[in-house]
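Visitor: The primary structure of each chain is shown beneath.
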Amino acid sequence: DGGITQSPKYLFRKEGQNVTLSCEQNLNHDAMYWYRQDPGQGLRLIYYSQIVNDFQKGDIAEGYSVSREKKESFPLTVTSAQKNPTAFYLCASGPSDIVLTGELFFGEGSRLTVL
Amino acid sequence: DQQVKQNSPSLSVQEGRISILNCDYTNSMFDYFLWYKKYPAEGPTFLISISSIKDKNEDGRFTVFLNKSAKHLSLHIVPSQPGDSAVYFCAANAGGTSYGKLTFGQGTILTVHP
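Residue numbers (this note's numbering), protein chains in the order written: chain A, 1 to 115; chain B, 1 to 114.
The set of hints was computed from the structure by calculation and includes no laboratory data.
Possibly wrong hints are sitting among the right ones.
Unchecked claim - Below 27 Å or equal to it, Euclidean Cα-Cα: the simulated DSS-like pairs (lysine-lysine) are:
no.	chain 1	residue 1	chain 2	residue 2
1	B	LYS68	B	LYS56
2	A	LYS9	B	LYS56
3	B	LYS5	A	LYS83
4	B	LYS68	B	LYS5
5	A	LYS57	B	LYS5
6	B	LYS56	B	LYS5
7	B	LYS5	B	LYS71
8	A	LYS71	A	LYS57
9	A	LYS57	B	LYS54
10	A	LYS71	A	LYS14
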């Protein structure tokens with residue numbers, strides 16, 4: 001089945017540690033995105049990538065880093081510089097005509113809790 | 001600055017009745033609007049969309065209305081079913097160089113009672 005796979009589903013981190021969230025898609029989509037969801041707030045864009053080896057900062061990129069070495073993969077690292085990392089993280093991808101519609105396909109999310 | 005707002009955090013409706021979810025936006029550059037549905041601990045799934053050149057789009061029980069002059073859109077669900085109970089997010093896309101960068105509202109929790 002085609003889709004987006006995020007792992008791990010749940011992750012606990014001690015303060016000061018970096019963690020990496022995995023996102024893999026087999027939809028052959030060019031564009032990939034990372035969003036963060038907090039209670040009572042909409043999804044906020046962290047980083048996005050339109051093509052391999054290129055990515056752009058979203059609205060809340062501070063304390064995060066990404067890479068896009070393969071079309072299928074877009075891992076997100078939450079660094080110790082992120083002041084409030086506890087949240088639900090969503091990865092998404094979109095086809096090449098995304099510029100026209102904005103219709104994204106989302107993974108099931110990863111919940112990160114900082115202890 | 002919240003460019004897409006869903007002012008009702010929650011909505012409760014009886015099964016069979018109409019559900020109306022509202023969304024307001026401030027950015028005139030938005031030209032494509034989408035509604036996503038989200039169940040707990042899952043990613044959002046696309047529901048329905050509308051281009052700014054239209055004022056209505058229908059898909060089965062779901063209809064989205066767009067009022068550009070008021071910068072307002074709404075999602076109507078008729079008839080509502082218990083399985084529709086979820087969080088509904090309104091999203092907007094400015095197209096062009098924004099390349100699918102969606103701006104989301106805060107979400108509205110819809111509960112449909114049997």
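Visitor: Take the hints in turn and mark each one as holding or not.
Guide: The hints, checked one at a time:
Proximity of LYS68/B to LYS56/B is assessed by CA-CA distance (about 11 Å); at most 27 Å being required, the pair is judged to hold. A hinted pair counts as satisfied when its Cα atoms are at most 27 Å apart, and LYS9/A with LYS56/B does not qualify at roughly 37 Å. Among the hinted pairs, LYS5/B with LYS83/A is consistent with the structure: their alpha-carbon atoms are about 25 Å apart, no more than 27 Å. For the hint linking LYS68/B to LYS5/B, the alpha-carbon distance of about 15 Å falls within 27 Å, and the restraint holds.
Restraint check: the Cα-Cα separation between LYS57/A and LYS5/B comes to about 23 Å, which is no more than 27 Å; the hinted pair holds. For the hint pairing LYS56/B with LYS5/B, the CA-to-CA distance comes to about 20 Å; that is within 27 Å, so the pair holds. Note on LYS5/B and LYS71/B: the hinted pairing holds, with a Cα-Cα distance of about 11 Å set against a maximum of 27 Å. About 18 Å separates the Cα atoms of LYS71/A and LYS57/A, which keeps this hinted pair within 27 Å; it holds.
Taking the CA atoms of LYS57/A and LYS54/B, the gap is about 31 Å. The hint is violated against a cut of 27 Å. Proposed proximity of LYS71/A and LYS14/A is contradicted: the alpha carbons are some 31 Å apart, above 27 Å.
Violation of the numbered hints given earlier is confined to hints 2, 9 and 10; the remaining hints are satisfied by the structure.
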